[in-house]
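J.: Each chain, letter by letter, is given below.
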Amino acid sequence: MKQTEMLAMILAGGRGSRLHDLTNKVAKPAVSYGGKYRIVDFPLSNCANSGIDVVGVLTQYESVLLNSYVAKGGLWGLDTKDSGVFVLTPREKADTGLEVFRGTADAITQNIDFIDSYDPEYLLVLSGDHIYKMNYDKMLACHKEKDAAATIAAMPVPMEEASRFGIMITDENDNIIDFEEKPAHPRSTLASMGIYIFSWPRLRELLVKDMDDPDSEHDFGKNIIPTLLSSGDKLVAFKFEGYWKDVGTIDSLWEANMDLLDENCELNLDDPTWKIYTEDPTGVLGLPAYIGPDADIERAYITQGCRIDGKIKNSVIFTGATVGDGAQIIDSVLMPGVTVGDGAVVTRALVANDINIAAGAIVGSADSKEILLVAQDV
Amino acid sequence: MAKAFGIVTSSPEHKVEGMQDFRPIGAFSFLGRFRVIDFPISNFSNSGIDNIQVYITKAPRSLIAHIGTGRHYNINSKRGKIQLIVPSETLVNQVYNTNINAFFSNIDYIQRQTKEYVVIAPSCMVFTQNYDELLQDHVKSGADITLLYHKVFDAKEGYSTCNALTLDGEKVTAITPNLGDEDTKDMFMESFVMKKDLLLDLMQAARETSSMYTLANIVNAKCGELKVRGVEHHGFFAPITSLETYFKANQTLIDIDESASLFTSDWPIYTRTSDSCPTQFYDDAVVKNSLVSNGCEIHGTIEDSVIGRGVTIGKGAVIRNCVVNSSTVIGDNVVLQNQIVDKYAKIIHENKILAEPGKPGYIKRRDIL
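As given, the protein sequences belong to chains P and U, one line each in that order. Residues 1 to 378 in the numbering used here are what the first sequence spells out, letter by letter. Residues 1 to 369 in the numbering used here are what the second sequence spells out, letter by letter.
I should point out that these hints are in silico values taken from the structure, not numbers from a laboratory. Beta carbons are placed, not taken as given, at the ideal position from N, Cα and C, and that holds for glycine. Possibly wrong hints are sitting among the right ones.
Computed footprint of chain P on chain U, listed as stretches where at least three residues anywhere in the stretch have a Cβ under 8 Å from a Cβ of chain P [claimed, not checked]: (1) 27-37; (2) 253-264; (3) 275-283.
Please model the complete structure; the sequences and the hints are all you need to start from.
T.: Structure follows, in structure tokens:
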């Protein structure tokens with residue numbers, strides 16, 4: 001088999017339980033975002049745009065929809081002779097039987113045979129539920145230049161949020177001298193973005209040791225990175241500037257959608273040199289957005305397949321959503337296939353896929369502290 | 001899988017002023033994000049016809065780029081294929097630019113087909129049709145040739161380069177040019193079903209009669225001796241044979257009930273995706289009764305218009321009753337009425353371009369006004 005210089009593995013097994021009913025039946029990476037995308041389109045498009053040919057997607061929680069979605073590698077152009085997107089789920093093995101992934105590192109360990117079949121020099125480990133654009137090829141160049149065992153993408157976060165992340169302490173050359181996973185009292189604000197490049201032979205060695213360690217949680221942040229540090233391996237921080245969001249909660253998912261209404265949003269999905277690819281709908285959903293004669297649109301992000309007859313103010317409207325006559329959508333996110341009946345008013349809400357809101361219903365309120373998740377018909 | 005292969009013809013007899021200088025009618029943008037040729041190819045694909053020849057007689061670049069391998073039309077790349085057939089010789093005179101001559105210069109591609117039947121469809125007409133049903137009916141009827149037609153009540157307006165059928169019950173007795181003499185006509189949809197061998201015989205017969213003969217001409221000549229059957233088409237039908245009919249077809253489909261009948265989930269119209277992001281409507285946007293494709297940035301006013309992908313509309317601009325194709329820029333305070341704006345045009349200096357609804361204006365590709 002042709003050797004692949006760097007293989008990407010996307011960790012997409014998490015449930016994202018703080019997204020409540022939104023992830024009851026779909027894994028977080030498959031959650032819709034930005035009108036026409038799913039979150040996992042971001043790491044997959046980044047891989048395609050960075051020239052990475054082979055991507056493994058590690059799935060576990062409610063993975064039927066996610067598996068069938070990412071298997072269509074052609075959506076991201078990853079279906080040439082030497083490229084592909086491979087869905088890797090926990091499987092029964094001859095020596096150990098059936099085991100779920102015990103942690104982020106274990107998910108990789110259980111697929112060492114897959115990775116070995118490409119004989120890569122480097123392994124890129126990504127999270128399937130972050131929204132950002134990044135050129136991993138530049139990160140690899142940094143990894144090679146510094147001759148590191150591991151390179152971790154990092155960005156500064158506000159001090160009050162630092163305890164949610166893996167926090168790094170670096171020297172003036174960006175070498176990582178200490179790493180703490182979700183520290184109660186952070187000593188720095190430089191956070192790990194959960195994007196790692198490892199030199200594969202070294203990581204492979206550590207994973208094999210970690211596999212049988214009864215005290216390990218088999219996690220990159222908690223186990224593998226600290227082991228590399230204590231063994232004296234060279235770890236480097238690759239500083240990222242730009243838009244990056246881990247949408248863990250309904251409020252942050254709503255906010256990440258609202259960011260797109262800002263003309264100067266750093267994410268810029270309209271960049272022809274770094275497009276985000278996704279599934280293209282057909283049938284009536286493939287039509288351009290229809291804006292009716294009595295519609296009133298004021299600051300909105302609207303995608304194809306929508307039918308708008310009411311008022312939209314400061315909102316993001318996803319594929320195939322319909323808004324009836326006299327209805328008002330204010331400061332809200334309507335996910336794919338949502339129907340809002342005539343005269344209904346939706347304020348500060350995130351309405352889940354295919355939900356129907358009856359004519360005249362009043363949903364959400366302008367002075368609510370939190371964003372209302374609407375996951376049942378109203 | 002259907003027992004036929006498909007041919008999409010290039011219909012050189014239709015002339016659309018302006019737009020056609022840059023690409024064949026099949027490659028025209030349609031309804032914001034489609035191309036006219038998406039209709040015949042999707043009709044074939046949805047009918048289980050996955051062996052398709054597309055004849056291109058002039059300016060092939062945009063069609064080749066759009067159709068490519070054809071996988072976005074849901075054609076299995078191992079079992080089926082789309083062949084793009086471009087002319088291998090230069091014609092000394094456009095009168096020889098007929099579908100018969102195009103078939104002849106690629107006769108081995110037709111002879112080599114293993115399917116018993118052929119379905120021929122035009123690249124310049126917008127409609128949906130299940131060709132597998134039409135083929136099965138054709139076989140059952142015992143006819144030699146089945147032709148598809150659409151009853152129109154406005155034959156005096158438009159359709160000037162189209163042919164009409166003369167029918168005696170189901171039997172076609174003549175195919176003649178529409179001279180605009182009557183309002184009601186059975187307009188020929190340039191769609192044929194027949195055996196492959198009959199097509200080869202007709203090609204030979206046409207050549208022996210006149211080098212200017214088209215397939216419709218020779219079928220007309222043979223109406224007496226062959227059993228030629230007409231089948232009426234129901235649903236949306238729009239021939240794109242002039243600037244006016246192109247404009248009208250786009251305008252008609254702004255009506256969401258009309259377009260929902262043409263774009264159904266059980267008969268998808270496929271197209272090549274451009275991976276555009278959704279459209280941004282700013283605080284000052286006013287949009288009424290319009291279709292707006294993805295990737296646009298909208299500040300001004302849009303009424304009764306079709307807006308293609310990646311269009312920028314400036315502050316205070318007013319677009320009324322227009323078809324604005326992709327990647328165009330309409331500057332601040334520009335007023336456009338009844339215009340067709342071709343791709344990549346930039347209207348930034350001129351601030352008022354108006355025309356009458358029956359005679360839309362045309363702004364050329366890449367023009368800067």
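J.: Does each hint fit the structure? Answer for all of them.
T.: Hints versus structure:
Using a Cβ-Cβ cut-off of 8 Å, 3 residues of the region 27-37 of chain U lie near chain P, which meets the minimum of three, so the contact claim holds. Counting residues of the region 253-264 of chain U whose beta-carbon sits less than 8 Å from any beta-carbon of chain P gives 6, enough to reach three: the coverage restraint holds. With 9 residues having a Cβ less than 8 Å from any Cβ of chain P, the region 275-283 of chain U passes the three-residue criterion, so the hint holds.
Hint compliance for this structure: no hint is broken.
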